[in-house]
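> As given, the protein sequences belong to chains A and B, one line each in that order.
In the numbering used here, each residue carries its 1-based index in the first sequence increased by 1.
In the numbering used here, each residue carries its 1-based index in the second sequence increased by 79.
These are computed hints drawn from the structure, not numbers from a lab.
Keep in mind the model is a prediction, meaning the values are calculated, not measured.
Wrong hints could be hidden among the right ones.
Among the chain A residues that face chain B by a calculated CB cut under 8 Å, a handful are [claimed, not checked]: (1) Ile10; (2) Pro13; (3) Ile16; (4) Ile17; (5) Ala21; (6) Asp23; (7) Lys35; (8) Ile51; (9) Leu52; (10) Pro53; (11) Ile68; (12) Gly69.
Glycine included, every Cβ here is placed at the ideal spot set by N, Cα and C.
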Amino acid sequence: MKYVMISAIWCPACIITNTAMDKVVEEKHITVEKLDYDFDDISKYNVGKILPEIIVYKNDEEIGRIIGEKNYKDLCLEIDKYEKDN
Amino acid sequence: MKKIIKLLIITLLLFIPAFKGVNALDIYLFYGDGCPHCADEEKLLDSYLKSSDDIVVHKYEVWNNKDNAKLVKEVADIMEVKFVGVPYTVIGDKVISGYMDDSTTGEQIKSYINIYRNEEFTDRVGEYIKTGKVIKKDEPAEPKKKEEKVSFKVFGKKYTVNPRTVSLPLISVVLGLVDGFNPCAMWVLLFLITMLFNMKDKKKMWILGLTFILTSGLVYLAFMLSWFNLASLVPKLSLLRFIVALVALGAGIFNINNYIKSLSKDDGCEVVDDKKRKRIINRIIKITSNKKFIFAFFGIILLAATVNLIELMCSIGIPLIYTQILSMNNLSTFRYMIYMLIYIVFFLLDDILIFAISMKTFKVTGISTKYTKYSHLVGGIIMLIIGILMLLKPELLMFNF
């Protein structure tokens, strides 16, 4: 499973989710690629109007998206859902 | 955090007794453009009141302004002193018709000013101009109410206050805080903090960050002062109040609607106007990477001023309503400034906290979008209530210190 997290420096929701994501990565040893909305090429990800956006991939195929601000608890629940189902 | 809150509350309470000692006085001068006696009186008032910030002279030109010509006749009816010509001056409960010279009428004016500065009276002209309510001589504006006091506990310590005395400071704090949570200009500060981290020089980072925040506050203050001056120039205050009441109602409904809409959306940052954002981002990068600190310093001032002017439209409702409430309260210039400063301090509080925590931890801190969502709801309800009061019961917003 691979996660691509698209966030922005100026976005408070991204800062909060980023902190939660760092903790989740440390605990669950998942792979997350972090991209910046303004400085990286994100055109192929078709990002919506709400940040942050986490795109979930399994064998290079998108299987879901986690959209918006998530605290550690909510993010764990979302990630667990994908990890367990797959 | 508890200590900061305690300190703020104590600071706020310290302001209150200081306000009680001085009596603000409004003088109403009806004059004609080109009238020499009026000019003499204006000269006397200007020199006599040079250092009296608590006395405001409201001037109305009656020869060329039809509204003012009508107003002076209405005022004359209320004061029961016939209007026979200019200058026509109302000080407290007294009318001075005409102006002979400084040693006669001038001295009379000075003595009335000294009397009404220290004595309680009903400002019947002010009441009429603001609310349209006619109060006849010897009829009090409202029956004198018994002073009510409210007791409350903060961190175990008991405080007793008079609700009438705390109303304006409290409204300044609440509106300032709610307005501060408005996320429109917050994104610029967060981006700026991240870019400041690249500078590696803590002193320069603090100077530039605080300059940005303080300039933002000054832009707000300038806007509020301009609106306040505009409000004092408009002869028909009731019309202006009506317009602001409509703005308050509209902004209230808009904010509550935003909150309701956000319930069905994901919490997060809404991406709007890519072009404008990228332009500001590039400016910040250019400023923070400038080798010459002086250019970076002035660049930050310019950036804060332009960003806040642009983003002002996003949150114009609350400062507009707040300034209108202040202008309805007949305060001295000194008090207006103090209240506006209280508002600005609380408006900037979240920015200052975010900046200080980020600088201390060297990690950008953000306020959850959940709180900004609730600030829409709280702000919306407050604006709706104020809008209704301005239309139906404006006297409730005049705290009459």
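> Using 8 Å as the Cβ threshold, decide whether Ile10/A counts as touching chain B.
Nearest chain B Cβ about 5 Å off; hint holds.
> Given Leu52/A as an interface hint, is its Cβ closer than 8 Å to any Cβ of chain B?
holds, 5 Å
> Does the closest beta carbon of chain B sit nearer than 8 Å to the beta carbon of Ile51/A?
holds, 4 Å
> Using Cβ atoms only, decide whether Asp23/A comes closer than 8 Å to chain B, and label the hint accordingly.
violated, 11 Å
> Restraint: Ile68/A near chain B, CB-CB cut 8 Å. Satisfied or not?
holds, 5 Å
> Next item in the hint list is Pro53/A. Is there a CB on chain B closer than 8 Å to its CB?
Nearest chain B Cβ about 7 Å off; hint holds.
> Can the hint on Ile16/A be confirmed by a CB-to-CB distance to chain B that is less than 8 Å?
holds, 4 Å
> Does the CB of Ala21/A sit less than 8 Å away from some CB of chain B?
Violated. Min distance 11 Å.
> At a threshold of 8 Å, is the proposed contact between Pro13/A and chain B supported by beta-carbon distances?
holds, 3 Å
> Does the CB of Ile17/A sit less than 8 Å away from some CB of chain B?
Given a least distance of 6 Å, the restraint on Ile17/A holds.
> Does Gly69/A pass the interface hint, meaning its C-beta sits closer than 8 Å to a C-beta of chain B?
holds, 3 Å
> Taking the closest Cβ pair, is Lys35/A under 8 Å from chain B?
Because about 14 Å separates Lys35/A from the closest Cβ in chain B, which is outside the 8 Å limit, the hint is violated.
Checked against the numbered hints above, the structure breaks hints 5, 6, 7 and satisfies the rest.
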